[in-house]
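S.K.: Here is how the chains run, residue by residue.
Number of protein chains: 2
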Amino acid sequence: MTGSLPRLEVCLSPALLHLFDTRDAVVVIIDVFRATSTIAAALDNGAQCVIPVASVPECVDLGRTIENAITAGERDGKVAEGLEYGNSPLEYPKEFVQGRTVVLTTTNGTRLLHMVKDAAVIITGSFLNLGAVCDFLIAQNKNVLLGCAAWKDRFNMEDTLFAGAVVNRIRDHFALNCDSARAANSLYEQSAKGSFIDFLRDSSHYRRLSGFGLVGDMEYCTTPDLHPVVPILQGRELVIHR
Amino acid sequence: MTGSLPRLEVCLSPALLHLFDTRDAVVVIIDVFRATSTIAAALDNGAQCVIPVASVPECVDLGRTIENAITAGERDGKVAEGLEYGNSPLEYPKEFVQGRTVVLTTTNGTRLLHMVKDAAVIITGSFLNLGAVCDFLIAQNKNVLLGCAAWKDRFNMEDTLFAGAVVNRIRDHFALNCDSARAANSLYEQSAKGSFIDFLRDSSHYRRLSGFGLVGDMEYCTTPDLHPVVPILQGRELVIHR
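Chains A and B, in that order, give the protein sequences. The numbers in the working numbering rise by one with no breaks, and the one at position 143 of the first sequence is 124. The numbers in the working numbering rise by one with no breaks, and the one at position 71 of the second sequence is 52.
It should be emphasised that the hints constitute simulated quantities derived from the structure, not laboratory data. There are no misleading hints in this set.
Any copy, or any two copies together, can satisfy a pair, since identical chains are not distinguished.
Pairs of lysine-lysine residues, derived as BS3-like cross-links and limited to a Cα-Cα distance of at most 30 Å, are as follows:
id : residue 1 : residue 2
1  : K133      : K123
2  : K59       : K75
3  : K98       : K123
4  : K98       : K133
The task is simple: from the sequences and hints, build the whole structure.
M.R.: Set out below in structure tokens:
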């Protein structure tokens, strides 16, 4: 009976992406700390679009060609040299970002996004838009790959936990024969004993970012549904799916 | 304080092995269903050694050159063409295996074993020798990488669950800054609500192997400490560490 349902799979690292068939699938790029959280916040707060780029020079160059652009990105927890703003969802309130184009350079999330070929649709996911992403995936009724951006190809807890939250909510609508998806769901169930941020407090990325004074950012990034939009890739731009 | 403790890390798939530094480390090869379970059983039951090889022809050729050798290996749940025995720990009782050399061809486990370079020591782990592996790792006092053989590079539940069982038992003796290890430990804690086999009943490999009538094998393979030996690689041979 599940044979007729679309597939739901989780890719735990960009280094495993080649194992999955993304043709005609919906791929969700997940970079909870903090690229895909910032994307959801900026778009929900009225940015015209977000253009993800891989490098700082690319970000600077592209920013120059677009009227009213904001160039943004961090390296090692600080605004990157040559850019104007950082990679925090809290930096993009409505009064600042409305109508503007955010050119955002991130490492892990952008790389994964550019690696995906032949997908029907690419969207971005984070706790900030968890419910909206789940509703979108159910409505599409296509094979889904939840792609964790990870950290320099290393498995990370926060992206997997988010993938698990999605699996947990939508699994009845899909055929699930993917141990990564089951494991992500188990982590999510485990985390349900407390808050997401409690579950993540011992993770590598929490430790790293808290060293940069970014605990407030991480608490914000793990709050579900503050920015209920679906950022969808159109050409090179992420815009809100309407 | 943890700075002086050796590292404990988990590699979830051979495709991620390049992210880890195995120099001078103890690497544990994990292929619960069923290569490393069979290795523990065969050695504990008196096999002189187990020689893991990658291919069926290699297994046949090597078997011919060794007196009293047993050639063993499966493809798709059946004894591979040209070999004598399968890849079940239940096939190697004392009265059959004592004093003999088992030439065993497996795909995932052997491949990972041959990929590891520069390690101080390579051993194999499974639930059947869980306690012995943990005691060995604590005694060695070196960096440890728990390497899951996975399934054609895909994350699998049973190898990760075993890695989590090891992490859970030995973590106080190591510095833990690896999200894969934390996630494996979480899965293990989650599984503690029931039996290992209950936790794995929904996994890809359980479904696949139960289709081959191998439920009894999997129940055996998830029973802790039935074969409390440490198989250690010496040259091309796995022998019992004394």
